[in-house]
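Make one complex out of these two single chains by using the hints.
Residue numbers (our numbering), protein chains in the order written: chain A, 1 to 269; chain B, 1 to 288.
Hints may be right or wrong, so weigh each one.
If you want a taste of the chain B side facing chain A, the calculated C-beta under 8 Å gives, among others [to be verified]:
#1 PRO145
#2 ALA146
#3 PRO159
#4 LEU162
#5 VAL181
Derived Cβ-Cβ restraints for the label pairs, each shown as a range [unchecked claim]:
#6 LEU126/A <-> ARG65/B: 25 to 31 Å
#7 THR140/B <-> PRO27/A: 21 to 27 Å
#8 GLY238/B <-> PRO125/A: 54 to 60 Å
Hints are computed from structural coordinates only; laboratory data are not their basis.
For glycine and all other residues, C-beta sits at the position ideal for the given N, C-alpha and C.
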Amino acid sequence: MSVFRKLACVALLLVVGVSMAANWLAPAGYAKQYRTQPNAPPTRQHWLGTDEVGRDRFARLLYGTRISLLLAPAAALISTLMAALVGGLAGYLGGGWARLAMAVTDLFLSLPWLFLLITVRALMPLNVSPLASVLVTFLMLGMLGWTSAARVLCTTSASLRGSGFLLQARASGIRGVRLFFVHVLPNLTPVLFAQFWISIPVFILSEANLGILGLGVAEPMPSWGSLLKELEGLVSISEEPWKFASLILLVLVVTSFQLVLSNREEMAA
Amino acid sequence: MLGWRIVRHAVATLATILLGGLLSATLVRLAPGFDADEQQLDPRLSAESVRTLRESRAQKHSIFRFYLRYINGAMHGELGASHSLSQPVGTLLRERAPLTLRLVALGLLLSWSVAMAMALTSAWLRVSALDALSTIVTGTFLCIPAAVLALLSVLWNVPGSLAIALIVLPRVYRYWRTLLVKAYSLPHITTARAKGLGELRVLFWHVIPMAASQLLAVAGVSVSVALGAAIPVEALCGLAGVGQLAWQAALARDLPLLMNITILVTLVTLLAHSGADVIGHMLRSQEI
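The following block holds chain B by itself, in its conformation from the complex (with noise of 0.2 Å):
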């Protein structure tokens, strides 16, 4: 069974990944501008020259043709030439791509850390007062562009991870503290604490495992939140990762290196989603 599922969900990142690489070639050959070369415009280069720069050109019209060649350099670790930066894309993203890593993973490590200890919090006290200021903190986050959080943490001199801890933060603290309220009102939370249960064991023995698969799913989302957090983050505080690259290619309009780069974090979110539904259905396997 748990099997089958990692099988399906193997297949279903591979199709997903095919088809958002298919979007993006198709969104990328069908750009204005893609066909433009100014070496075209050079007046130094003879009609011949330019002749076959446009017949080079052409052998990319084709979208299929043009995304085919694309996966068989991908799959030799050949992903093309970013024209903004002059430099393999691969190496580009090998160069980047641990310190995004380092960056989101401690962004959510601490996020999710406070967001439990702020959730079990009024799950467990259920002191109004206090409920309500950890709404209004969150709350307050929430309505914070992500752009601006960063532009604040340069200001204070924040880390970058802090940062996208910030911006994961109230997302999913809101979530979680709805779950553990939920599991701590079912019935036989209410039976355990009659009996004598102590605290403790009726968290650790009752209310989060009966929470867990949920809490991560949210766990999971909150990857992709995390990630999408480190573009603001990395550009504007300076920080050389695979967001500032992404940022840098959106502005410089370096399509292919932004194709490269939405490919791998659409793979990074979705093993993450997949990871987190595995995961998730072990502990309900085990539960039964």
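This is chain A alone, in the form it adopts within the complex (with noise of 0.2 Å):
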């Protein structure tokens, strides 16, 4: 493991573990108003000021960063668990299956993400309450980021099936759904893990995207994006410079992910 990768892990953990203790840190929550001091520069108090409203910046950072991390994995699981149906599925069974399921694949995959997210954030109510918004957000980021991985499985699952153990497996009476729980998806495991934590830092910076363009986590609850959306009426970065903190935050972690990843990315390849 090199330095970087090491470095990487430990960023990583700490921003986690940090973002776990956001109750022990931040006791106040993060909608606790100080009304007498909006827009506040950096205290003692406030380490990061208060937002325009008068909440406290670092507390909504460290909540937005827990949510983000708890419901980016989730997500990437419920996307992961769709790949591996699909694709893994369509692999398996092969023939007008596999071309099918390749079909509706290339499908959502002629969209760019951006547009196919916001079209689809928009079939859904937008006027939710902020817990509803933060699980609409991330279960359609898991419901729609499927796809690609779907191809890599596919791919990986249609490899499998002429191989040696199937066969005996075959031979031995396993047929059916049995032979594919049983069987392929266990040999799917190293591109699954692969494909899970790949999908982790696309969902975070999607997410970002979506919560800047007001598409995404409703106030008052905090996210990355909505956390990001401040950075919209800065007139220059010097003037408040410790609003660029959800950037380099998200910046490090999605960086952190790229670097214990880099190795995973060549498997899923």
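Structure (structure tokens):
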């Protein structure tokens, strides 16, 4: 393991650990308003200052990081499972099934990712509770993000179809669903793991994009997207540099994921 | 052979567009609130008027009938009207498409030129420090959300096309660099160099033709990335293009408008992919 990868692991663990301790580090919570101090600069009480309605920016960053870091893997899990079922099964069955599954996959892939996300997000009610908006956003990412992984899994699964151990299993009388779940799926595990880890930073960035465009997690719930939306009215960087804390943390986390995953990406390809 | 390939692409594109359109129409039809009409709540309307309104809505209940009517209209140039902007969709698209096309084309040209220059330098010189620097720079851009790059372009008064170029560049560079490094490591390149061929001749006669079809395929995919990047760039930079229109339609839940934009963008993406594949095929057959 290279030094950079070790550092990335440490950074990720640190960020996850600190965000999980948000309840202790920021006991007042992310929604508490200090009405007398809106738009305050960093102080000893508010390490990153307050936002325009007087909420502590550090607390919101901690809670927002926790939401993104908990739900992005959950969405990645959904998308990986869907990819395993659609891609894995299509490759295993082959023939017309594989062609049909890949035609559906191509249909999804023919639309740019952000277009697909905003189109599907618009189909759902926008005026929902903050908790529902969190669930809708990440569920949607999970339900739509399976396509490229399904392609990889279809190819891997198809390459297993003629393998010796599957022939032996068939000769022993194992057929159908059991053959797929007991013999094919366990052999797809390394690719599934790789796809799972690769999806996490993609979903984190997608949520951030949706949040900035006002189609992600609803206020007052914080997420990296809603925190980055604050950069919208900025006139210069030197004016309020502490507003960039969420961007710096996001870049650090996604870079760490990329470094940790560098060999997994090769495996998935 | 080439003609058959073009026909196959045309059929696949048409089938995808029709299927995609049906899927969009189904989603639009099933979306919560599709049947709701504010007019039905107007206390000035009589019960008979409300019933007539409900009946006119009921005619759109069948997804297939709804979709067939849309296709029929589309073939006559009638794409329906936008609820939120109260204008015909065709007019809106005609007004806004040129700006998006210009932004995307400029962004792509810029990103392709810079990515090719960087990838060639990296693959040709093989200086590890330079390679590491370009990997770090492009890697950092990959880790920044497209919408943040759009916000930063507003902050620094950078043109929208440059923002699109910065979003596309790292994705294209990474693939192109790998392809060129792979092409340079082939045995016939080593032989050509050993025989004393100049670097430029090696590049243009042996390396580029070898990797051309794959380089083109990546360029085709980057069109889709650039179109996706147009949404945050146009929305946040206040540029009145199709990307901004899609964003406004999403915020206003203007589903028919969104459906038309989706179909248009899918068509452009598929044409780009098919074009890259057909040209790549032509180059491959010339090699043989």
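Evaluation of the provided hints:
1. PRO145: holds, 4 Å
2. ALA146: Status holds, d = 6 Å.
3. PRO159: Violated: closest Cβ of chain A sits about 19 Å from PRO159/B, beyond 8 Å.
4. LEU162: Violated - the Cβ of LEU162/B stays beyond 8 Å from chain A, reaching only about 18 Å at its closest.
5. VAL181: Because about 14 Å separates VAL181/B from the closest Cβ in chain A, which is outside the 8 Å limit, the hint is violated.
6. LEU126/A <-> ARG65/B: 25 to 31 Å: Holds - the Cβ-Cβ distance for LEU126/A and ARG65/B, about 28 Å, lies within 25 to 31 Å.
7. THR140/B <-> PRO27/A: 21 to 27 Å: Taking Cβ atoms as reference, THR140/B and PRO27/A lie about 35 Å apart, which means the hint is violated.
8. GLY238/B <-> PRO125/A: 54 to 60 Å: violated, 27 Å
In this structure, the earlier hints numbered 3, 4, 5, 7 and 8 are contradicted, and the remaining ones agree with it.
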